[in-house]
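Going down the list, the protein sequences come from chains A and B.
Convert by adding 202 to the 1-based position in the first sequence; the result is the number in this note's numbering.
Convert by adding 36 to the 1-based position in the second sequence; the result is the number in this note's numbering.
Be careful, since some hints might not be right.
[As the list claims (entries may be wrong)] Taking beta-carbon pairs under 7 angstroms as the criterion, some of the chain B residues facing chain A (in silico): (1) Q77; (2) G98; (3) F100; (4) G142; (5) P143.
What the hints contain is simulated information worked out from the structure, not anything from laboratory work.
Glycine is no exception: its CB is placed at the ideal position from the N, C-alpha and C atoms.
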Amino acid sequence: KQEVTQIPAALSVPEGENLVLNCSFTDSAIYNLQWFRQDPGKGLTSLLLIQSSQREQTSGRLNASLDKSSGRSTLYIAASQPGDSATYLCAALGDSNYQLIWGAGTKLIIKP
Amino acid sequence: KAGVTQTPRYLIKTRGQQVTLSCSPISGHRSVSWYQQTPGQGLQFLFEYFSETQRNKGNFPGRFSGRQFSNSRSEMNVSTLELGDSALYLCASSGAGGGQETQYFGPGTRLLVL
Chain A
203 KQEVTQIPAA LSVPEGENLV LNCSFTDSAI YNLQWFRQDP GKGLTSLLLI
253 QSSQREQTSG RLNASLDKSS GRSTLYIAAS QPGDSATYLC AALGDSNYQL
303 IWGAGTKLII KP
Chain B
37 KAGVTQTPRY LIKTRGQQVT LSCSPISGHR SVSWYQQTPG QGLQFLFEYF
87 SETQRNKGNF PGRFSGRQFS NSRSEMNVST LELGDSALYL CASSGAGGGQ
137 ETQYFGPGTR LLVL
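Next up, chain A with everything else stripped away, as it sits in the complex (with noise of 0.2 angstroms):
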């Protein structure tokens, strides 16, 4: 049964630094591994998906590495802002049932 984990569970940053995420999953049956990110009263953003057969995707400040042998996948923020300060989600798409299984969250906070 696939498990993603998310450590830390909260990050508080001061504004300019680069930052890591980290996501782990038991299980390395994955069809893609995806991020997201979760504003209060605002549902959930797309950030990036990474598909099994990939190791990596950008998008802008963002990137997101997937490395399915060990089971983790990171997103790496470049010089953070106060607006990226939000819930970072990540989840695993099983290859057989096509679920999406979800970590807890990273609350980041990026003080100005």
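On the provided structure of chain A, position chain B as indicated by the hints.
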């Protein structure tokens, strides 16, 4: 393009009642997925509909059901509400592939069961 809309945004019900939530996907999207989010269990997949057919189902009791209409709008119904059904219910739409491609989420319906 208008985003995913969900109605109502907030709902208060009592135990034993039933509730229907609505989701209108992005125009042209044929897949609608539903998720439940609670502080204790986090986000959990409920089910996915594609072209009016349930294509995938999570591990929830039969009290949770849904349907999709020919215009891709979807409804989710919960019967015989329990206190534990209090949650944020999110729907997401995508063009064709559920979780296989980028999903676009609505703001959610927050359900409180008293």
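So, going through the hints one by one against the coordinates:
The criterion of a C-beta within 7 angstroms of any C-beta in chain A is not met by Q77(B), whose closest approach is roughly 9 angstroms, and the hint is violated. A least Cβ separation of about 18 angstroms between G98(B) and chain A goes past the 7 angstroms threshold, and the interface hint is therefore violated. Restraint check, F100(B) versus chain A: the minimum CB separation of about 15 angstroms is more than 7 angstroms; hint violated. Given the 7 angstroms rule on beta carbons, the hint for G142(B) holds: about 5 angstroms separates it from the nearest Cβ of chain A.
The closest approach between the C-beta of P143(B) and any C-beta of chain A is roughly 5 angstroms, which is under the 7 angstroms cut-off, so the hint is satisfied.
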